[in-house]
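Visitor: Listed below, chain by chain, are the residues.
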Amino acid sequence: MVFNSLDFVVFIIPVFLLYWLVFNRSKVYQNIFLLGASLFFYTWADWRFLALLIGSTLINYYLGLKIFRTPEDRKKSIFLYIGLVFNVGLLLYFKYFNFFYEGFYEILNAFGSESTYNSLVILLPLGISFFTFQTLGYLIDVYNEEIEPSENLLEFSVFVTFFPKILSGPIERASSLIPQIQEKRVISYEVSVDGLRQILWGLFAKIVVAENCALIANPIFNNYENESGSTLLLGTFFYAIQLYADFSGYSNMAIGVSKLFGIQLMRNFSTPFFSTNISDFWRKWHMSLTTWMMDYVFTPLSFTLRRHQKKGLIISIITTFVLVGFWHGANWTFVVYGLLHGIYFVPLVFSGKMNTSEIVAKGKMLPSVKEIIKMILLFVLIMLTDVFFRVESVSVGFEYLQGIFSLSIIDLPSVLFTSTTLITIALVGFFMLIEWINREKKHDFEIGNYNIYLRWISYISIFVLILIFGKSAETFIYFQF
Amino acid sequence: MKRLLLKLCLFFICCLAITTFVLVEYGGNVDYFYQKFTTPKAVSMVIGDSRSMQGIQPRVINERLKELKYELPIFNYSLTIAETPIGPLYNKSIGKKLDETSENGVFIISVTPWMFGSDKNNDNNKGEFREADRPPHNMRFVNMNPNYEYLFKNLTYFHFKALFRKTSTMHKDGWLEENNLPTNPKVFDEWKKRQGRLFDKMIRNYEVSSLRLNSLDVLIKKLKKHGNVYMVRMPIDLDFVAVENSFYKNFDKDMSTVATSNQIEYFNFNVSSTHTNFKTYDGHHLDKHGGLEFTNILCDSIIRSANTVK
Amino acid sequence: MEVDVIKSKISDALVSILEHDNFELHDELTAKDVDGWDSLSHMMIITKIEEEFSIRFKLRDLNKLKNLGSLVSVIQNKI
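Line by line, the protein sequences are chains A, B and C. Just remember that the working numbering sits 121 ahead of the position in the first sequence, which is counted from 1. Just remember that the working numbering sits 15 ahead of the position in the second sequence, which is counted from 1. Just remember that the working numbering sits 353 ahead of the position in the third sequence, which is counted from 1.
A few of these clues could be false.
[Stated by the list, open to error] Keeping only pairs whose Cα atoms sit at most 30 Å apart, straight-line, the calculated DSSO-like set for lysine-lysine is:
hint : chain 1 : residue 1 : chain 2 : residue 2
1    : A       : Lys562    : C       : Lys419
2    : A       : Lys196    : C       : Lys360
3    : C       : Lys419    : A       : Lys196
4    : C       : Lys360    : A       : Lys432
5    : A       : Lys592    : C       : Lys385
6    : A       : Lys485    : C       : Lys360
7    : C       : Lys419    : C       : Lys385
8    : B       : Lys141    : B       : Lys17
[What the hints assert, rightly or not] Partial list, computed: chain A residues near chain B (C-beta under 8 Å):
hint : residue
9    : Phe251
10   : Ile308
11   : Ile581
[As the list claims (entries may be wrong)] Selected chain A positions facing chain C (in silico; Cβ < 8 Å):
hint : residue
12   : Phe144
13   : Leu201
14   : Glu269
15   : Phe419
16   : Thr420
17   : Pro421
18   : Arg428
19   : Gln430
20   : Val470
21   : Asn570
22   : Asn572
23   : Ile573
24   : Arg576
Treat the hints as calculated values from the structure; they're not laboratory data. No residue lacks a Cβ here, since even glycine has one placed at the ideal position from N, Cα and C.
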């Protein structure tokens, strides 16, 4: 059940009303109801792994308490390691088994063995990458005495399964989510309306911007061998926007839906394309994953390698980003994606300019020329890595890039002057403009301080844009006869 | 909470108002079928798939058949092969659209071999039909303006972007006017090839269903109570006729049998000896010009036949 | 060791890594308040401090460092 479906509307309206009108007597009622709704939501999406989700919740709940209650350090760490092995093991088995299995045989074959292998059919449980990271972080935090474990199984279960974030994040932290579950939620008009705004904007990003960009990017990627360099470049441009609009739109909807239930999830995107260097970009892109990786991978790793100075830092950064890439899927393309981003950091380490997480042109209308140049350069660098996010194999990725950097890069792209492309460019422009205006705000469409007419005009206009330019599945229906 | 719900309602009312406006004003442009389900019940009808949806123009029939004193206007209730193959489901929907008071209507059933094809995985006798979850079979109301039921159940069919381009218009009489016609012979060839692939796919996945054939008989008998029924096989390119024959060898024979047993006319425009090429945009869909010409010729046939009977 | 001495040594470490002294040492000072003190320079600062005091932190000490005051007390416990 994706957020932009009628199914979800039918689900969310009664759940919202029951939550605030019937199950609002105490936090226990609220939590029982949220857990029920979340399990229903997960079951609806894919019932086959409900047992896995419940099992993982119980085991992590138990391990959290065990780690906390064990006095001796060594035994504590044994329980932590059990937890790490369990959670990472789940992920490795369900998501990466075939990747390593095939890799193993390919290495054997490289040494002259002639064994054959059959990939196993392993279904990927929905949301596994998200909820295992969340419980992993929980156990590590408990071990490090950053938080106390949740004593209450009900509250812990809501923390793991809360439906707005179970399928695709944000990857929440126990330290920010559990305390909210431990309190009774009270409805706030302002927060709810703000959530609705965020949903509307997410919907626009997803079904207008992302889907329209996809309409242009897909045919270019599918037929990349025959396209000119400039067309390929245009394809990566639209794909980069699509990727961003798709995921940030999804995140905004998740965060907005959660607000309707009085729970604040963490921000996941913070206008990342308005960044002037790669470190700045990653502070604003998929923030829940990046901060997770920073805390649980980069920090321990760079701490261990701290004697090696800059070399240690570079190794830590590159390892972290390779893992960031690999987290997205069991394919070498994601490894290359992460590796490229890791390499982009190297100059920053040497120049010592890691810390420019300033909002671009803060308090001003327009950025300086220097900032514009930096933002465009960075965007192009990122856009090129996104090719590896899109293609199915590394070799295709490099062929695609090779295609871009050919003589035909100076041709006019074949699809540029079609009405579809021009309309999409206008939509992307509008999207980016609103993002720019709201870049200092708490989310991309925080317009609560505008006057009432302007607000309503915005809502209605966005609805009209969604109605008209929203995705329609079967455009070529008459070709069916 | 109250304030929130009130404002939300206000917002949704605004959205609904805008949507209604678009549907009422541009309903024929933003969806291929929408207008079929907003119009009142019909006294006379064209039944068929996309060939007749685009190729048989009710306005021409209304003009030409005046002299025969049929109850008019005629309404084109054809959709496409995906939605309206002959069968109990389509029959039921025709029943909903038909004005039961009609006594002297004219009913034109455009038949193609594919309209008798059922998915090999479906058991028609168990009530499994490939068209079941498509409009109009997933709807209750087919004569409602504006038709929100159609909108919500078939949202994915809509293409609101077309509001500006108006490449196609579904007219109130049920005729789909397609304006995006290939001027370049290359485009025509490409479109025709695409249709060929669709035929191949159907040949692989479909088989002729005796239940559907039987439904045709039921349909004719029902419609005869409300007026005169004519069957027609619309003209297509001869190479496509060959493809169709490979799918359903005895098609013409079976159609003639049904027609004779019900004492109605079957006009076959694909007999190789008398075959003329009408203007199509992909080898089997008449474009608006070819359709105009064909509808006139069809009317000639109907008038001739009506006069001989008298 | 005196708190003031510890603080001045920390200050030296910060200056040598960050190459500026635009900060005031008080117990509530956090990394966010100091230009250039980010997750990357953090490690280098930590290493520098370890050298200055000839101590070794543990990863779990690192997580306890919320501000300058807690850094000073962790160091005090180590020497």
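Visitor: Now tell me if each hint is right for this structure.
Guide: Right, here's what the structure says about each hint:
1. A:Lys562 / C:Lys419: holds (26 Å)
2. A:Lys196 / C:Lys360: Not satisfied, since the Cα-Cα distance of roughly 36 Å exceeds 30 Å.
3. C:Lys419 / A:Lys196: Cα-Cα ~27 Å, so holds.
4. C:Lys360 / A:Lys432: Status holds; Cα separation ~28 Å.
5. A:Lys592 / C:Lys385: violated (43 Å)
6. A:Lys485 / C:Lys360: Given pair Lys485 of chain A, Lys360 of chain C is violated - Cα atoms ~38 Å apart, limit 30 Å.
7. C:Lys419 / C:Lys385: holds (11 Å)
8. B:Lys141 / B:Lys17: violated (50 Å)
9. Phe251: violated (28 Å)
10. Ile308: holds (6 Å)
11. Ile581: This hint holds: Ile581 of chain A lies near chain B, its Cβ roughly 6 Å from the closest one there, short of 8 Å.
12. Phe144: violated (37 Å)
13. Leu201: Hint violated; Leu201 of chain A Cβ to chain C Cβ min 11 Å, cut 8 Å.
14. Glu269: At 14 Å from the nearest chain C Cβ, Glu269 of chain A fails the 8 Å test, so the hint is violated.
15. Phe419: holds (7 Å)
16. Thr420: With Cβ-Cβ at 7 Å, under 8 Å, it holds.
17. Pro421: For Pro421 of chain A, the interface hint holds, since the closest Cβ of chain C sits about 6 Å away, which is under 8 Å.
18. Arg428: holds (7 Å)
19. Gln430: With a minimum Cβ separation of about 7 Å from chain C (threshold 8 Å), the hint on Gln430 of chain A holds.
20. Val470: OK, holds: Val470 of chain A within 8 Å of chain C, min 7 Å.
21. Asn570: violated (26 Å)
22. Asn572: violated (34 Å)
23. Ile573: violated (37 Å)
24. Arg576: violated (33 Å)
When the structure is compared with the earlier hints, violations turn up for hints 2, 5, 6, 8, 9, 12, 13, 14, 21, 22, 23 and 24 and for no others.
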